[in-house]
Amino acid sequence: MVNVGIIGLGHMGRLHMMNCLHMEGVKITAAADQSKIGLRKAKSFGIKNVYEDYHDLLNNSLNLDAVVISLPNFLHLESIQLALEAGFDVFVEKPMANTLDECRKIVKWVEKSGRKFMIGHCMRFIDATEKMKAIADLGQIGDLQVVTLEQILNGPFAHGAVPTPVPEWWFDPKKAGGGVLLDLGYHLVDLFRFFLGEDSHVLFSCFDYKFNLPMEDGAILLLRSSESDVKGIINAGWYQKSVFPEYNFRMILHGNAGYISSDDLVPRNIYLHAVEEGMKNLLRKVVGKRIKPLSYSYYYEAYYKELQHFFDCIMNDSNPSVSATDGLKTVEIIEEAYRNHGKSQFALKEA
Amino acid sequence: MGDVVGLVRVRSSEDEIKNSLGKALDLIGFKPKGPVKSVDIKVNLCYYWHASTGYTTDPRVVDGIIDCVRERYGMGTRIRIVEADGTAMRTKHSFLMLGYEKLAKEKSVELFNLSQDETSQEKVCVNGREIAFQIPQSLLKSDLFINVPKLKIMRDTKITCALKNVYGCIASPRKIVYHPILNEAIVGINKILHPDLTIVDGLVALGRFPIQLGLIMVSRDPFSADWIASQIMGFNPSKIKFLKIAMKEKLGDLEGVKTSGENMITFKRIFPKGNFFSSKRWWDIQLGLFRLYSKVVNDVVPPMLEKDMKS
Numbered sequence: 001m002v003n004v005g006i007i008g009l010g011h012m013g014r015l016h017m018m019n020c021l022h023m024e025g026v027k028i029t030a031a032a033d034q035s036k037i038g039l040r041k042a043k044s045f046g047i048k049n050v051y052e053d054y055h056d057l058l059n060n061s062l063n064l065d066a067v068v069i070s071l072p073n074f075l076h077l078e079s080i081q082l083a084l085e086a087g088f089d090v091f092v093e094k095p096m097a098n099t100l101d102e103c104r105k106i107v108k109w110v111e112k113s114g115r116k117f118m119i120g121h122c123m124r125f126i127d128a129t130e131k132m133k134a135i136a137d138l139g140q141i142g143d144l145q146v147v148t149l150e151q152i153l154n155g156p157f158a159h160g161a162v163p164t165p166v167p168e169w170w171f172d173p174k175k176a177g178g179g180v181l182l183d184l185g186y187h188l189v190d191l192f193r194f195f196l197g198e199d200s201h202v203l204f205s206c207f208d209y210k211f212n213l214p215m216e217d218g219a220i221l222l223l224r225s226s227e228s229d230v231k232g233i234i235n236a237g238w239y240q241k242s243v244f245p246e247y248n249f250r251m252i253l254h255g256n257a258g259y260i261s262s263d264d265l266v267p268r269n270i271y272l273h274a275v276e277e278g279m280k281n282l283l284r285k286v287v288g289k290r291i292k293p294l295s296y297s298y299y300y301e302a303y304y305k306e307l308q309h310f311f312d313c314i315m316n317d318s319n320p321s322v323s324a325t326d327g328l329k330t331v332e333i334i335e336e337a338y339r340n341h342g343k344s345q346f347a348l349k350e351a
Numbered sequence: 001m002g003d004v005v006g007l008v009r010v011r012s013s014e015d016e017i018k019n020s021l022g023k024a025l026d027l028i029g030f031k032p033k034g035p036v037k038s039v040d041i042k043v044n045l046c047y048y049w050h051a052s053t054g055y056t057t058d059p060r061v062v063d064g065i066i067d068c069v070r071e072r073y074g075m076g077t078r079i080r081i082v083e084a085d086g087t088a089m090r091t092k093h094s095f096l097m098l099g100y101e102k103l104a105k106e107k108s109v110e111l112f113n114l115s116q117d118e119t120s121q122e123k124v125c126v127n128g129r130e131i132a133f134q135i136p137q138s139l140l141k142s143d144l145f146i147n148v149p150k151l152k153i154m155r156d157t158k159i160t161c162a163l164k165n166v167y168g169c170i171a172s173p174r175k176i177v178y179h180p181i182l183n184e185a186i187v188g189i190n191k192i193l194h195p196d197l198t199i200v201d202g203l204v205a206l207g208r209f210p211i212q213l214g215l216i217m218v219s220r221d222p223f224s225a226d227w228i229a230s231q232i233m234g235f236n237p238s239k240i241k242f243l244k245i246a247m248k249e250k251l252g253d254l255e256g257v258k259t260s261g262e263n264m265i266t267f268k269r270i271f272p273k274g275n276f277f278s279s280k281r282w283w284d285i286q287l288g289l290f291r292l293y294s295k296v297v298n299d300v301v302p303p304m305l306e307k308d309m310k311s
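Taken in order, these protein sequences are the chains called P and R.
Okay, so the first sequence: first residue is 1 according to the working numbering, each after it adds one.
Okay, so the second sequence: first residue is 1 according to the working numbering, each after it adds one.
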């Protein structure tokens, strides 16, 4: 049995908490959040040890094996350090930290601690991503030439069924660490690295500020892999009004011999898919089998799968497929894009 | 007594918007009740969605209104653009994100968050039910209160336009508390706050999807504006619950409601009318079935759809 503490009960924290509750061999023994509503929710699921200050969770919950951290970005560094020092395995939401320097520190702490460590690179766990990677690795589309990745949504400004204000830290660039590139773009940069399995660099970056915020709400990057010269086109945006379950995300791998698009691999009709999968789960329930949590939403299911993978690694003593180095390298590319933003534009104008 | 509703077709160039506003005001022969030294313009910034989505008032329309006000009542007129916080929306962010900070700077007008105003609690009786509201006091003192709603369909009330935008003046952010009695609350707040002029921004309207409707609609009476707006959006106004309550409560009167200017059919023809799939009933069915499923199967509910996370 893996005893888990949930740190942070915002949107992602609550999702991870509910996912943990559906996993075999996983028991939530403690939860921490500043919000009383979050703690009330945790208590309603039978979690007895709840703390308003996550430091208390780390100091008092001696029976813990692992923690799931879903705090605001600016609190990742300190919470990861303290959790590793306390001897816990750590799952943390992306980004691992807000800056490259912070990421380097974390990589060192993880190596020194010897604990299991994983970052929530959930998009690697979408079925379509796994299928596309397998097809490309088998050479079915020839040599890979260009990877197109895009995700345009409302990001932190998404409107829930019950309206709640966007947390204030999202409006503070120091606390959020960046804009859409560090939020949604982070996943796309990671996917480029995932498909290529190589280091990459930024050829061009262009940002939009349609909402007049101090951070970008639109980001377009051109990446190049270091060895195979494959190009990646990244298109991320916070500017589109999106209402659940709509999800504007796609991946296309272009090779010499053909292409694969995620549009051909994800359900054509998300509503019909939800009904089909819901019926299957209902049937599983009736015949006494385990349900497949969140299978009614192909992208929400990925959150379940990534967390299950983390706990499987703890139980089987294997290494998670997403490492602290993956987090470091992703933030490295993002910082390069931020740094080169002005220069790239200048170079374009000159050309 | 209802009022004439002026309809003007407009293309989206800024000059034309301003000219169309002037034309629309002339159509209804608008004259303020007294000298105009201060003007409050109540926009609809319900959430952080750009005007092109059809949800929020287009700053270009407000830009035109400011020019019209200054032309008619002098450059020294004190103008405020006002909005109150919503359950999920914070006015300070909406002003920035939707281009109002930029507009205010360019036009030297004030932005004001009604949720930060001095307030008084006022109670009204609607349909035999007493409802209390926090009323921003400064709004009661302006010489000219201009209501600038959007033209859009809404799951809960079928339409949202002039009367519903006044509901957005309630100072307390957690307006969701009124949702179980939303129709009564819309009428209630309009019994307390009375805009002198309603200018509907129908440049981009919202039906099943946003549409460039190119409409500016004006009236002295928000009830009359809503009566016509609901017809443009394909509804029978006598079946809109808050309009029915408004009539019962003597807030609205059909006598005298008429249009002037463009034919309403021009806009009605292209408006993407709501259907069953954009209705509250369909939304409730989906949500109800989903919650029943998650309860029976014990599946995970995404926090996005949780119903018990009210702050």
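Hints are computed from structural coordinates only; laboratory data are not their basis.
Source: prediction; values computed, not measured.
Warning: the hint list may mix true and false statements.
What the hints assert, rightly or not - Here are the simulated lysine to any residue pairs, SDA-like style, with alpha carbons at most 25 Å apart:
| hint | chain 1 | residue 1 | chain 2 | residue 2 |
| --- | --- | --- | --- | --- |
| 1 | P | K280 | R | V296 |
| 2 | R | K191 | R | V296 |
| 3 | R | K280 | P | K43 |
| 4 | P | K43 | R | R80 |
| 5 | P | K305 | R | Y293 |
What the hints assert, rightly or not - Now the in silico label distances, taken between C-beta atoms and shown as ranges:
| hint | chain 1 | residue 1 | chain 2 | residue 2 | range |
| --- | --- | --- | --- | --- | --- |
| 6 | R | Q121 | P | T99 | 55 to 63 Å |
| 7 | P | M315 | R | K239 | 28 to 36 Å |
| 8 | P | T99 | R | R281 | 45 to 53 Å |
| 9 | R | G74 | P | K210 | 58 to 66 Å |
| 10 | P | P267 | R | E255 | 40 to 48 Å |
| 11 | P | K210 | R | P35 | 49 to 57 Å |
| 12 | R | W283 | P | K48 | 30 to 38 Å |
| 13 | R | N236 | P | S242 | 51 to 59 Å |
| 14 | P | M315 | R | Q121 | 54 to 62 Å |
| 15 | R | K280 | P | K210 | 56 to 64 Å |
| 16 | R | N236 | P | K175 | 44 to 52 Å |
| 17 | R | S120 | P | T99 | 43 to 51 Å |
| 18 | P | K48 | R | Q137 | 32 to 40 Å |
No residue lacks a Cβ here, since even glycine has one placed at the ideal position from N, Cα and C.
Legend entry - Given pair status - R/Y293, P/K305, alpha carbons within 25 Å: This hinted pair holds, its Cα atoms lying about 21 Å apart.
Legend entry - R/N236 paired with P/S242, Cβ distance criterion 51 to 59 Å: violated (32 Å)
Inset, instruction - Would you check the hint for R/K280 and P/K43, treating anything up to 25 Å between C-alpha atoms as holding? - result: violated (32 Å)
Legend entry - Straight-line alpha-carbon gap P/K43 to R/R80, limit 25 Å: violated (46 Å)
Inset, instruction - Mind checking the hinted window 56 to 64 Å against the Cβ distance between R/K280 and P/K210? - result: With Cβ atoms ~31 Å apart, the hint is violated.
Inset, instruction - Can you let me know if the beta-carbon spacing of P/K48 and R/Q137 is within 32 to 40 Å? - result: violated (48 Å)
Legend entry - Outcome of range test on Cβ distance (P/M315, R/Q121; 54 to 62 Å): holds (58 Å)
Inset, instruction - Below or equal to 25 Å on CA atoms is what counts here, so check R/K191 against R/V296. - result: violated (45 Å)
Legend entry - R/N236 versus P/K175 beta-carbon gap, inside 44 to 52 Å or not: Because 50 Å falls inside the window, the suggested range holds.
Inset, instruction - May I ask you to test the hint 28 to 36 Å on the CB atoms belonging to P/M315 and R/K239? - result: violated (60 Å)
Inset, instruction - With respect to the beta-carbon atoms only, verify the hint that R/Q121 and P/T99 lie 55 to 63 Å apart. - result: At roughly 48 Å between Cβ atoms, P/T99 and R/Q121 fall outside 55 to 63 Å, so the hint is violated.
Legend entry - Cβ separation of P/T99 and R/R281, checked against the hinted range 45 to 53 Å: holds (50 Å)
Going through the hint list in order, the structure does not satisfy hints 2, 3, 4, 6, 7, 9, 10, 11, 13, 15, 18.
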